[in-house]
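Chains A and B, in that order, are what the protein sequence lines are.
Under our numbering, the residues of the first sequence are numbered 1 to 143, in order.
Under our numbering, the residues of the second sequence are numbered 144 to 1121, in order.
Think of the hints as simulated: they come from the structure by calculation, not from any bench.
The structure presented is a predicted model; accordingly, all values stated were derived computationally and were not measured.
Incorrect hints may have been included.
Claimed, not checked - Residues from chain B that face chain A, not an exhaustive set, calculated with beta carbons under 8 Å:
| hint | residue |
| --- | --- |
| 1 | S904 |
| 2 | C918 |
| 3 | Q988 |
| 4 | S989 |
| 5 | A991 |
| 6 | N995 |
Stated by the list, open to error - With a straight-line cut-off of 25 Å between C-alpha atoms, the simulated SDA-like cross-links for lysine to any residue are:
| hint | chain 1 | residue 1 | chain 2 | residue 2 |
| --- | --- | --- | --- | --- |
| 7 | B | K297 | B | H951 |
| 8 | B | K279 | A | N34 |
| 9 | B | K899 | B | H951 |
| 10 | B | K994 | A | N34 |
As the list claims (entries may be wrong) - Covered, in the sense of this in silico footprint (three residues per stretch, anywhere, with C-beta under 8 Å from a C-beta of chain B), are these stretches of chain A:
| hint | segment |
| --- | --- |
| 11 | 12-21 |
| 12 | 41-51 |
| 13 | 85-95 |
Don't be surprised by glycine CBs; every beta carbon is placed ideally from N, CA and C.
Listed here are the chains, written in short residue letters.
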Amino acid sequence: MDKKILVIEDDPSTSRLLEYALRYRGYKVIAAPNGLEGIKKIQSEAPDMVILDVMLPGVNGYEICRRLRSEPATASTAILIFSARAQESDKDIGIRMGADDYLTKPAAHTEIVAKVEKLLAKKNGAASRSETTNEKVSNNKNQ
Amino acid sequence: MNNKKIKVLMIEDSIDDATLIKRRLENSTKSHFSVADVRTLDEGLQYLSHHVPDIIISDLGLPDSHGLDTVNRIVKKAPDIPLVVLSGFDDESLAIKAVQAGAQDYLIKGQAENPQLERSLFYSIERARLQGQVEKHSREITGFQKNMHQILEKNTDALLVIDNKNRILYANPAVQSLFGRAREELINEELTLPLASGKTVEIEIERPDQEKKTAEMSVVNIDWESQPAILVSMHDITRHKKMEKDLKESEERFSKVFQHSPEVILITDLTDGTILEANDSFFRLTGYSRHEVIGRRFSDLGMWVDLQDMENLNRAIKENRIISNLEYKFRMKSGEIRTWLFSGEIINIGGELRVLSVNIDITERKKMEDRFRFSDVALKSIHEGIIAMDNDFKITYWNEMCEQMLGIKAADAMGKEISDIVTIVESYEGQNRKHLELLLEKGFCREEQLYRTSRGDIWMDAQCQTIEYSGKRYGWLTLLSDISARKQAEEALKQSEERYRELINTSPDAIISVDSEMKIIIWNSGAEKIFGYTEKEALGQPFLMIIPEESRVKAVDLFNGLSKSVVRVGADQITYLMCVRKNGSRVPIELSIFTRKAGNAIITTGILRDITLRKESEEALKRSEEKYRELINTSNDTIISLDPQMRFIVWNYGAEKLLGYNEEEILGKSIMTIFPPEVQKDMAKELIRLKQPAAGSTVNNVFETTVIKKDGSAVPVDVSASARKTGEGSIITAIIRDITLRKEAEAKLRQIDQMKSEFLSNVSHELRTPLQSICGFTRLILSGEVPDTTTQQEFLEIIDQEALHLGHLINSLLDMTRLESGHFQIYRQPAAIRNTINDSLKMFQSLARQKNIEFHEEISPELPVMHVDVERMRQVIINLVGNAIKYSEPGGSINITANTIDNELVFSVTDHGAGIREENIKHLFERFYRAEGDTARGGTGLGLFISRQIIEAHGGRIWVESKIGKGSTFSFALPLNG
């Protein structure tokens, strides 16, 4: 089963980059350009993972994090914050708000993919150990 | 960049690899590379000592260095030159670590000769350049701190910045004078003062020179060089404290003198006579207790025996301000009436006119004087007894008066000698014989004789004289006056003197009597004590011995005057004079003097009271009062006092200056007059708390609050208050200090600090975002994950676009720096403004398409050629249009117009976005200002600020009109001939 990843990112270029790099590795990727749309898509699409920018128009990334964690349906969704806010304090806030990991821009797509794989594997292992975790998407499938 | 020769230093021990890369670079069609290649790190470092290549390519594994060590040593030697490391195919993780350690990029050997090599080099060089600029800018940003430093440096309060381990990071010059130590010495020391956040506390500082300072300290949390820190601000209040102490001492001294004076001291209200304060002597003498008297009037208590006295006294003091020694009668609580001597003066206490009086109870003295005052009953009888005798003392005439006085009929007396019919009692042996001898010798004799008759003893004043005519004696004539009544009075006096001798002797006042020769005849123990002479030494001595020489003439005059006015027997006067003791020292004396006739003698008696203590009390009282008043009135600080009902009783000049009310307006009003409603409740609590302590002790408290001036404006203040318990409740005295400047400085400091850190954070964010795309897509393409050439093209376009964006950002930062440093300039040249506008708009075509935003352009074809800085104008237009797109929703539209109106070019961009709130519009063109909340779209907050600077540099103006929910129009106007 392909994992579904929601990218909430207002910078279209970055969004495009994430989309491409993740799809290239076989993930199903959907994108939202702002917080509100992001929350809607989380509810309608129930992604396995959310990659979140912090400085978003409208509802910001921390707030989305907090909302996801307070809803039972999304409490265990993997969250990776991907932000240009690079201070330690920003990371602390992100983690406190419930993010699983924090990655600072700029980052190579390989770094992003590595984090995504790690988080999904962890969530997978924690959620249901019976499921075959070997479905690491390493096949060179395009889009 | 492609035109310039790029100098490359290559450190590679494998000749094959080196040759391969060198050839590849030297044959590059994209740029000219000149490659210097060396084999070992040592050689490389030596090369770097003499040359500055544009980029270094280095293998990680060299004969003389290996792994990260290689990177570290190169970066240390040439931190500003970009470094690309070469790594083995199997060692990519080491390469990534190398990048973390400072290398710009890494290349995998074997792939090094592919087309990515040059691109990687360009990219590394460019990235290093950008990083260098960003760092440079960060350094310049620290210039903002200068502002903050200035505020810290100029502040008169001592300011310290300490880190979370209480280490001192910064100390301003004022710290030196407070701590008595050089500020450099304090840096890095641990601050040992107790820090209480949010509250002003009083601290003691012991300086190395032993001087002690008192300061008020408050702390606020701030960011200091991006670290959380604490700003400790200390205000030196040593002088205030000392003043408070002096004030207290002065008051204490006043109160001591006041309370312990043996004289009755009273403070009364001048206008209505209310008793405001009275000392212990008053209560002791009158028998009243404090609560019965304070706040009431003497007349209410029925203490005036004669209301006329009261009126006289009031009138006299109002006319003269000072009166002394007015005598009046006062009724004690027991009903007893006593005589008091009043000396008083009008003084100004806390702006109210009061009467300060010293009252001496002179009842005893009066009594004594009355006793001494001898009422000289009419002794002068016109009825005298007349006896005529012949030469043999045989009675020849015996008048009726003699019959009445002696009870002997004339018929029984005629022809007999006096001694035959009455017994003349001798006062001493042989008196009668002596009397006769005198008579015969002188022909005259006058004597007081006691006649013993059948009717009893009669004292007679007997005058006997010869009756002569032409030298011949015919007989004797005796006149008799009955002086029994006088004799009895004299006897009574004698007894009374005995009775009062004790009183005289025990009196603390000196009682001295002198005879008509001014010789001392009475000298009591009081006189011994005051003057040092014993009774034995003093008796018989001239009174003048206790009068200093310079006053003797005056004393004699006084005495003579008194003697002459003996008719007014008993009339007394009170004088002040300086006397001299046996030991030569002077003593101020209040003298009450009167005379009496005692028998034939005139006796002058003085009651002399040592008034040293009173003089001193008066002096001390006056000094204390003056000092107290001067301290309070001349102080620039606001000093106020409150009575137990929280009404103002002291309001000094400083208070008037700070709050605008003058004394007259405010005295008697409630303290709440100066507090705004929202703090009144807290203040009431605070003041009540102040009044809690046990009697006698004082409590000081310092707190921050707000007061309201007469004109209604609010002032933040520090209040340092203390309460002193008195019999009637607590008197609160407070020093109020305006801390507006401190508050403003603190707020400004916080604001600058916040703006600076926000700005840095924004810049960082804005730079990282395009960098993410540039890095990300470059790496993606490099990794070979984008086989499709159309997609490759798309990604390269993104990279190009983002690099351009990054360039703009950096330009903005540089503009900002130029504006800050005053180096911003425009270069005007003639330009067809229409072309400039159209060129700028073209740039947005693809972005507008992407966001599905429609442009409506109305650019007048008749725009003239203008003298402008074309690049700068383009920058403004791009900024305005870019903003409009940024704040438009997909599917929206943007109107762009350019016309000449009234000799001006007017350019407008209208979006249909959310609009701008009224309160934010005025900040739009300020630097660092960015929209916040749900309208936030990121950005450095520099765009509109720079646009405004550009337009204003061209002599134009820029503005915005906006409606919430409708959208905004940004416009600028430039003069056509500008």
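These are the hints, each one checked on the structure:
no.	hint	in the structure
1	S904	7 Å, holds
2	C918	4 Å, holds
3	Q988	16 Å, violated
4	S989	11 Å, violated
5	A991	13 Å, violated
6	N995	12 Å, violated
7	B:K297 <-> B:H951	38 Å, violated
8	B:K279 <-> A:N34	33 Å, violated
9	B:K899 <-> B:H951	21 Å, holds
10	B:K994 <-> A:N34	14 Å, holds
11	12-21	holds (count 7)
12	41-51	violated (count 0)
13	85-95	holds (count 3)
The structure fails hints 3, 4, 5, 6, 7, 8, 12 (numbered hints given earlier, in ascending order).
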